[in-house]
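Asker: Residue strings, one per chain:
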Amino acid sequence: MADTTFILKVKRQLRPDETAHWQEFELRFRPGMNIITCLRDIAERPVTRDGRDTTPVSYDANCLEEICGACAMLINGYPRQACSALVEHLDKPIRLEPLTKFPLVRDLFVDRSSMFEDLKRTKCWIPIDGTYALGEGPRVAPKAQEVAYPLSRCITCGNCLEICPRVNEDSHFVGAAIVSQVRLFNMHPTGKMHAKERLEALMGPGGIQDCDNAQNCVRVCPKGIPLTESLAAINGQVLKHAIFGWLFGHD
Amino acid sequence: MKNPKVIIVGGGLAGLMAAIRVAEASVEVELFSIVPVKRSHSVCAQGGINAAKNLKGEGDSTWQHFDDTIYGGDFLANQPLVKGMCDEAPAIVDLLDRMGVTFNRTPEGLLDFRRFGGTMFNRTAFAGATTGQQLLYALDEQVRRFESEGKVKKFEGWTFLSAVIDERGTGRGICAMNLKTMEVRTFPADSVIFCTGGIGAIFGQSTNSVVCTGSAQSALFQQGAYYANGEFIQVHPTAIPGEDKCRLMSESARGEGGRMWVPKTPGDTRDAKQIPEAERFFFLEEWYPKYGNLVPRDVATRAIHKIVFEMKMGLAGQNAVYLDVSHISREILDRKLEGILEIYEKFVGVDPRKEPMRVFPAMHYTMGGLWVDNNQATNLPGIFAAGECDYQYHGANRLGANSLVSCIYGGMLAGVAAVKYAHGLEKGTESIASHIYDHERRRQEEMNDKLLHQQGTENPIFIWREMGNAMTEHVTVVRYNKGMEQADTKLRELIERYQKINLADRTQWSNQTLAFARELFNMLALARVITLGAIARNESRGAHYKPDFPERDDPNWLKTTKASYNGGDIRLEYEAVDVSLLPPRTRKYTAKN
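Chains as they are written, first to last, in the working numbering: chain Y, 55 to 305; chain X, 2 to 594.
Certain hints may be false.
Okay, the calculated bits of chain Y under chain X, using three or more residues with CB under 8 angstroms as the criterion [as the list claims (entries may be wrong)]:
1) 90–101
2) 149–156
Simulated pairs of lysine to aspartate or glutamate, DMTMM-like, Cα-Cα distance not exceeding 25 angstroms [claimed, not checked]:
3) Lys-181/X to Glu-98/Y
4) Lys-197/Y to Asp-335/X
5) Lys-174/Y to Glu-150/X
6) Lys-174/Y to Glu-29/X
Covered stretches of chain Y (in silico footprint by chain X; criterion: 3 or more residues with CB under 8 angstroms from a CB of chain X, positions within the stretch not fixed) [unchecked claim]:
7) 120–134
8) 169–181
9) 240–250
Worth flagging that the hints you see were computed from the coordinates, not collected in a lab. The beta carbon of each residue, even a glycine, is placed where N, CA and C say it ideally should be.
All chains should be built: construct the whole structure from the sequences, respecting the hints.
Answerer: Rendered as C-alpha cells:
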C-alpha cells in the first residue's frame with residue numbers, strides 16, 4: 055500500500071531584503087509527527103513537490119518539548135510552537151510562515167531580541183545584593199507561590215505579541231508577556247521594593263495604556279498564562295502609581 | 002594584570018552562574034551562545050535540585066547527600082569536589098530562593114522538598130515540574146541585570162568553532178561563527194570557560210535539546226584537551242519515544258508516588274485501567290523493596306530492559322512499560338507535576354491523570370566530559386569547564402536532581418578560578434601576536450570554504466542518523482565488546498564518508514546546513530571517544546554495563562579514563578580516583594535495609 059502523504063506549504067525568504075515566495079512539499083505521514091519532523095524531512099531531501107531542488111528551510115528550534123520558546127511560527131495562520139503542532143491535528147495543506155511582528159532572518163527564522171531588550175528595560179529581575187551567602191530567602195505563602203508560578207513559566211515565544219492588534223507599524227505596545235513578567239517581579243517580597251521602577255518603564259508610549267483589551271494574547275499562550283489578569287493588575291498598579299506616586303511621591 | 006577579560010561559551014545554568022561570578026569580581030565577561038541564553042537546554046530539567054537542608058525532620062545531612070552521590074555514582078567520582086558541592090548545595094538553593102525562583106512551599110512558607118532516586122530522604126527542592134526552567138530564568142535575569150550595567154556582553158546566535166591557543170599551548174580566546182551572517186571571527190580573552198552542556202545528538206534521539214551536540218567540547222578535545230570518562234552515558238528510564246526527540250518524564254513522577262508496572266500476563270491487551278492491581282507486576286517495588294520505584298536511573302533502566310527484552314513483558318509486546326500516576330489526586334498532580342503531565346498530554350494525546358503513561362528509556366546525560374582539576378581547569382592553561390560538559394561530579398551514574406546543583410556549583414568555581422587565573426597573568430592578550438588569531442580564523446574559514454564548495458555524494462543527515470543508530474544500539478544500556486567494535490568500525494567509515502559530504506545549502510546567510518555539518522564532524526570524533534572508552538573498560542560500573550564482565554572491578558578499574566587526540570587517533574590513559582573521604586563499598590539497591 056502506498057504511504058499516506060500530505061502537502062506542506064512553506065513561505066520562503068532567503069534574506070530580509072528579498073521577496074518571499076511559497077514552496078510546496080509533499081511529505082510522508084507518520085503517526086506522532088510534528089512540524090519539526092516535517093522540516094527535518096525537507097532538510098534531508100530538499101526537493102519541492104514539483105521536483106525542484108531547493109535549500110533546507112531555516113528555522114529556530116531547540117528543546118522540542120515546548121519549554122524553550124524557540125520554534126514559534128505561524129502554522130495555518132496561527133502563532134504556535136512547531137514542536138507541539140502535531141500533523142495529524144492540522145488542516146491540510148499545512149501552511150508555515152514566519153512570525154510577522156519581528157525582523158525576519160531567513161525563511162521561518164525571526165529575531166526576537168526585542169523581547170529580551172524589553173525585559174532589560176523593565177528591570178525584570180530581583181535585585182539581590184550579591185551571590186555570597188546571605189541566608190535564606192523570604193518566606194512565601196503557598197497561595198502566593200501558586201499565583202507566581204504560572205507567570206514564571208513564560209517562554210518568551212512571542213505568540214502574544216504576534217496576535218496582538220496593538221503591536222503594529224504605528225503602535226509598539228510592549229506586549230502581554232513583558233507586562234506579565236513585571237507583575238511577577240512586583241509580587242515578590244524583594245522585587246516589590248523596586249516596583250516603581252518597573253511601573254515607570256511601562257508608562258508612556260508602548261506602555262500598558264497601549265493595550266486595548268483585545269484579549270487575543272491569552273488565547274495563543276502555549277503555557278496558559280493568565281495574561282489578561284496580568285494586564286489588568288499592572289494597569290491598576292500603573293494608575294495607582296501615576297496618581298498617588300505623583301501626589302505623594304510614593305506609591 | 003589589569004582589566005582582564007573572560008569569555009564564557011554556553012549560557013545554560015553553569016555558564017550563567019560563571020558569568021555572574023566573573024561580573025561580581027568586576028571583570029569583563031563576553032558570553033557566547035548558539036541560542037538566546039534563555040532558551041538553553043537547562044530549561045528542560047524538570048524534577049528539582051538536591052540540597053540537604055533537612056527541613057523535613059528526617060536527619061538528612063550534607064554528608065548523607067555526599068554519601069548517596071558517591072554510592073550512586075559507583076565510587077568513580079573524585080570525592081573532594083563532590084563533597085564541596087553537597088556542602089554548598091543548601092546555600093545554592095537559598096541563593097536561588099533569594100533570586101525569586103518560585104519554589105513550591107510548605108504551609109509555613111518554607112521550601113518544600115520531595116524524594117528522588119537513590120536516596121531515602123526528601124532532599125529535592127522543586128518549582129512544579131519545571132525546576133530547570135525556573136532556575137535558568139533566575140540566573141538569566143541576574144545576568145541581564147549585569148548586561149544592563151555593561152558588565153556582561155552577550156553574543157547570542159554565535160557558535161563556537163575552536164579555541165585560540167598560542168605557541169606555548171595556552172588558551173588566548175576563541176574563534177566563533179555568527180549563525181546569521183556566517184562571519185568567522187576570533188575573540189581574544191585571558192581565560193575561557195566552557196559551559197557547553199550535553200552531547201545527546203550523538204545518539205540520534207535523546208532527551209536533549211537540538212544544540213546538545215558536544216561539538217564545542219569535541220573541538221577542544223581535538224585541540225589537546227583531555228576528555229574523561231566518556232563511556233559513562235546515562236539512559237533515563239522514563240521518556241516518551243519520538244522520531245524527533247525522546248521527551249523526558251521526570252523522576253519526580255515517581256518521587257510523588259508514581260509506580261512502574263507491566264501486566265503480569267505478557268501480551269495482556271486489556272486497557273490499563275481494566276487490569277486489577279493483583280494482576281499488575283510492580284517490578285521495581287518487587288525487585289528493590291527498600292528503594293522501590295526510586296532506585297537510581299541506571300538500575301531502573303536495566304530493570305526495564307530486563308522486563309522488555311529478557312522477560313518479554315513489554316506492553317502488548319512493544320518496547321514500553323507503564324509509569325502510573327493516575328492513583329494520585331488531581332490536586333497534587335496539578336500542583337507538583339503539571340509541567341510534565343502537560344507534555345505527555347500534548348505530545349501523546351492522553352491525560353496521564355486518568356491513564357498510565359507509556360514510557361521507555363532514552364539517552365539523557367553524559368557523566369563524562371572535559372577533564373578538569375579541582376579548580377575546573379582543563380589541562381590547557383587558561384581554559385576552564387563547568388556543567389554537564391565537565392566530568393567531575395557524577396562518577397559512573399548521576400543521581401536525579403544533582404545535575405542542576407553541579408552546574409551551578411561548577412559554574413561558581415569556574416568563574417572564580419578563571420578570574421584568579423586572568424589576574425595572575427603577567428601579560429594579557431595584547432601581548433599575543435595577531436598572526437595567532439589570524440591563523441586560527443583562516444583555518445576555520447578554510448574548513449567552511451571546503452564544505453561550501455565541494456561537490457560530494459554524502460548527505461550529512463544520513464551520516465548523523467547512522468551514527469545515532471550505531472551508538473544507541475551498541476553503546477547505551479547493555480554493552481558487548483563485539484557490538485561496540487562494530488560501532489567503532491561504523492564510526493570510522495562515517496568519518497571517511499564525511500570527507501565527501503554535500504551541502505544542500507551553499508549560501509552565506511543563516512546557513513544551518515553548514516553549521517550542522519561542522520557539528521557533525523565533532524560529534525563523530527566524540528562518539529569514538531565514548532565507544533573506545535567503553536570497549537576498554539572491561540567491568541560493569543554504574544551506567545556502564547557489560548554482561549560479559551558483570552561485576553565492578555576496583556583493583557583494575559577504579560580509575561578515570563582520560564582520552565586524548567592526536568591527528569585522528571584517540572589514545573586512552575588512566576588516572577587514580579580520589580577516594581580519600583569514603584572508602585569504596587559494594588553498591589547494591591536490592592537489600593531490604
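Asker: Against this structure, judge whether each hint is valid.
Answerer: Outcome of the hint check:
A count of 6 residues in the segment 90–101 of chain Y with a Cβ less than 8 angstroms from any Cβ of chain X is obtained; the coverage claim is therefore met, three being the minimum. Coverage of the segment 149–156 of chain Y by chain X is violated [criterion: at least 3 residues with CB-CB distance below 8 angstroms; count 0]. For the hint pairing Lys-181/X with Glu-98/Y, the CA-to-CA distance comes to about 21 angstroms; that is within 25 angstroms, so the pair holds. The suggested pairing of Lys-197/Y with Asp-335/X holds, with an alpha-carbon distance near 14 angstroms, which does not exceed 25 angstroms.
Only pairs whose Cα atoms come within 25 angstroms are accepted, and Lys-174/Y paired with Glu-150/X is accepted, the gap being roughly 10 angstroms. A hinted pair counts as satisfied when its Cα atoms are at most 25 angstroms apart, and Lys-174/Y with Glu-29/X qualifies at roughly 19 angstroms. Look at the segment 120–134 of chain Y against chain X: 5 of its residues bring a Cβ nearer than 8 angstroms to a Cβ of that chain, three or more, so the hint holds. Requiring three or more residues with a Cβ within less than 8 angstroms of a Cβ of chain X, the coverage given for the segment 169–181 of chain Y holds, as 8 such residues are present.
Coverage of a stretch by a chain is defined here by at least three residues with a beta carbon nearer than 8 angstroms to that chain's beta carbons; for the segment 240–250 of chain Y and chain X the count is 3, and the condition holds.
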